[in-house]
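Participant: Chains as they are written, first to last, in our numbering: chain U, 1 to 329; chain L, 1 to 327.
Derived from the structure by calculation, the hints contain no laboratory data.
Be aware that a few hints might be false.
Said to hold, decoys possible - Short, incomplete list of chain U residues facing chain L, as computed with Cβ under 8 Å:
no., residue
1, 106
2, 176
3, 177
4, 178
5, 179
6, 269
As the list claims (entries may be wrong) - Pairwise CB distance ranges, derived in the manner of DEER restraints:
no., chain 1, residue 1, chain 2, residue 2, range
7, L, 91, U, 84, 40 to 48 Å
8, L, 319, U, 322, 24 to 32 Å
9, U, 296, L, 196, 51 to 59 Å
10, L, 5, U, 28, 54 to 62 Å
11, L, 261, U, 47, 34 to 42 Å
12, U, 176, L, 66, 53 to 61 Å
13, L, 14, U, 28, 17 to 25 Å
14, U, 49, L, 213, 18 to 26 Å
15, U, 28, L, 229, 55 to 63 Å
16, U, 306, L, 306, 33 to 41 Å
All C-beta atoms, glycine included, are put in the ideal place defined by N, C-alpha and C.
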Amino acid sequence: MNHAGENNLDRREFLARTGKAGLSIAAAGSLSYLLYDTAGSLKKADNLVTLPDYSVGSISGQTMSVVKGSDRAASVNKAIGLLGGIERFVKPGETIMIKPNIAFATPASLGATSNPGLVAEIVRLCYKAKAKQVYVADNPINDPANCFRLSGIGGAASEAGAKIILPKPNYFSNTTLAGGKLINNWPVFFEPLRKADKLIGVSTIKDHLRSKASMTMKNWYGLLGGRRNIFHQNINTIIAELAMLIKPTLVVLDGTEVMVTNGPTGGSVADLKRENTLIASCDMVAADSFGCSFLGLEPKDLPYLGKAEKAGAGTTDYNKLKPIFDTTS
Amino acid sequence: MDLIQRRVRRFESIVSLCLLGGIVLIGLGVFVKQFDYEMSQFGMDVISTENSTVNEEISLTSLSSSSFETLLETEVYDSETLYEKINGKAPFYTESGFRELVTQRFVSKSDEKLWAELYVYDMGSVRNAYSVYSRQKRPDGSVIPEMKFAYLGGNSLFAAHGQYYIEFVGSTKSKELSEAMQEITRKFSTENIVADVEIEQMQLFGKEDLVAGSIKLYLNDAFGFDGLDDVFTGQYKIGDDIVTVFLSERPSSADAKKVVQQYHKFLLDNGGVDISASDAEIKIVDFYGTIEIVGTTRQYIFGIHEAENRQAAEQLAEKFSKRLNEK
Chain U
1 MNHAGENNLD RREFLARTGK AGLSIAAAGS LSYLLYDTAG SLKKADNLVT LPDYSVGSIS
61 GQTMSVVKGS DRAASVNKAI GLLGGIERFV KPGETIMIKP NIAFATPASL GATSNPGLVA
121 EIVRLCYKAK AKQVYVADNP INDPANCFRL SGIGGAASEA GAKIILPKPN YFSNTTLAGG
181 KLINNWPVFF EPLRKADKLI GVSTIKDHLR SKASMTMKNW YGLLGGRRNI FHQNINTIIA
241 ELAMLIKPTL VVLDGTEVMV TNGPTGGSVA DLKRENTLIA SCDMVAADSF GCSFLGLEPK
301 DLPYLGKAEK AGAGTTDYNK LKPIFDTTS
Chain L
1 MDLIQRRVRR FESIVSLCLL GGIVLIGLGV FVKQFDYEMS QFGMDVISTE NSTVNEEISL
61 TSLSSSSFET LLETEVYDSE TLYEKINGKA PFYTESGFRE LVTQRFVSKS DEKLWAELYV
121 YDMGSVRNAY SVYSRQKRPD GSVIPEMKFA YLGGNSLFAA HGQYYIEFVG STKSKELSEA
181 MQEITRKFST ENIVADVEIE QMQLFGKEDL VAGSIKLYLN DAFGFDGLDD VFTGQYKIGD
241 DIVTVFLSER PSSADAKKVV QQYHKFLLDN GGVDISASDA EIKIVDFYGT IEIVGTTRQY
301 IFGIHEAENR QAAEQLAEKF SKRLNEK
């Protein structure tokens, strides 16, 4: 074989090999392009859910009530009665979701979670209004089953006829708050919300190391999924966005015993102060604005209130709503 | 020519192998990296309650008493997962040297409604543990005599034992529960012997008129000023007034003077009015109606914080200054 013959062979072989290599690269590149997900690991936008608006029509002078009394059951009956009665909020045949604060697996006596007796009474009220089904649900910080059990809420709510919904991975769906900075394609505990016609929030008044206060608006944090702790760095924004995202039927703010220090977990009954006050409201910004006074705060001390008001979620000037004050005695 | 062809083919083989090896390494890198991603980008998992490795040095399950047994599993949390247990309270510990939390519940053998959860925070040092203990101390607690830093508060027990901060939270106020918590805590102390390390600066607080159990340690950001770290405070009863004294030992007298100047400026920048004599070394500031006093003695910063009564504040500051000079 002469030198020229080898070059011909090498050139042909070279071209053939180059061609094959080029085809391989093109095939690999095409496959990569087909598999490439520009959104990364996030779900596609068309899988997002929209949370329903559970609010009822407003009635001037019946937006917020404040009741003094030591018995929570009596107080909540009175407070809701002053707003038109449970029948205004719950219609026969409806499915109601009650969202208490069941964040921790701690005893009810600490006041870190909603009072079981209060939750049970609200369940009973809903059935009195001939609700078809009442769910009690939360996505706690600690182990969910332990939280429902050890807080006493699981037992009390079940005895009153509610069905408990514990969080499971497939119960979460992603949602985006229009105009929101933080709630963007983020999982929420949607399964109980999907089933519900009405939504009632039941929360305590607590000191909170990060946000200064934990009341009705902060209570919705328990509907977030994922690694929601990252929002602690933007605590005021996330609470305000939750108030924009969630439009409940009614919120009940329990100030019978207020955790005035060492919140949000407390740890001693010495952290609690008895105020014997319960607030029911269709405006959670107003409810929180009133409730913060029991922590020695004013609405201007809680930036999330101002943010939520500016976004149209409610008013910090609760007097404008002409709240109804009464006692159980 | 065979030789040249063989050399060319060997060269091509080597290049091919290198390229393939590079692709394999890239693939391995992608495979490894996908297990180490920023979870905040994802929103799928509910919060994990899996326990991390149990600290071999602390075993809480052995602490069962004659009348109380363990309930549910031991839980262990590190600085990444602490929020899963105590949520918004986590920074209080993580910013104070927190290393690990181990918790265990105990329940009465005769009454399941009587239960309590023991929290043992490893704060890494005696000072850190004392700091978180003292800053959360509830008023009106009853002292537990056989423990150096411990008290009962209604349904709970709180203690600092060496590097550990202990909270024992009961389901209700109950004599039986309280006795069980004390027994279990004593057992923990016995099984986890710690060096009896004195916090020296606490000895600088004179006992006369000192409100018992009032000494607190702020590791950082005392009184909202980031230049004030490692600050002890104690309360004194002067007549009808309770006056808070503070003290911090600095590396040198020069550093003490510098920090005092900065703190004095901080008070004035935030609306305080200097009411001290013009040449006074000890500065007195009227801060929105309360009195702040700050000065130095050797390597110590001392002062009075938020006093209502100027006379009582100045009297105590002078007394404290003399005491520090004598040490």
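Participant: Work down the list of hints and note, for each, if the structure agrees.
Facilitator: Going through the hints against the structure:
Interface hint at residue 106(U): satisfied, since its Cβ lies 7 Å from the closest Cβ of chain L, which is below the 8 Å cut-off. Evaluation of the residue 176(U) hint against chain L yields a violated restraint, the C-beta minimum of about 11 Å exceeding 8 Å. Below 8 Å, beta-carbon pairs count as interface contacts, and residue 177(U) has none with chain L, the closest being about 13 Å; its hint is therefore violated. At its closest, the beta carbon of residue 178(U) sits 17 Å from a beta carbon of chain L; the interface hint therefore is violated under the 8 Å criterion.
Because the closest C-beta pair between residue 179(U) and chain L is about 19 Å apart, greater than 8 Å, the hint is violated. Because the smallest distance between the Cβ of residue 269(U) and any Cβ of chain L comes to about 4 Å, under 8 Å, the interface hint for this residue holds. A C-beta distance of roughly 43 Å is found between residue 91(L) and residue 84(U), which places it inside the suggested range of 40 to 48 Å. Between residue 319(L) and residue 322(U) the beta carbons are some 57 Å apart, a value that contradicts the proposed interval 24 to 32 Å.
Taken as a hint, the range 51 to 59 Å is violated for the pair residue 296(U) and residue 196(L), whose Cβ atoms sit roughly 40 Å apart. The beta-carbon spacing between residue 5(L) and residue 28(U), approximately 29 Å, falls outside the hinted interval of 54 to 62 Å. For the pair residue 261(L) and residue 47(U), the supplied restraint of 34 to 42 Å is violated, since their beta-carbon distance comes to about 59 Å. Taking the beta carbon of each, residue 176(U) and residue 66(L) are about 57 Å apart, inside 53 to 61 Å as hinted.
For residue 14(L) and residue 28(U), the Cβ-Cβ distance of about 22 Å falls inside the hinted range of 17 to 25 Å, so the restraint holds. The supplied range of 18 to 26 Å is broken by residue 49(U) and residue 213(L), whose beta-carbon atoms lie about 53 Å from each other. Distance hint for residue 28(U) and residue 229(L): a CB-CB separation of about 57 Å, consistent with the stated range 55 to 63 Å. Under the hint 33 to 41 Å, the C-beta atoms of residue 306(U) and residue 306(L), about 28 Å apart, miss the expected range.
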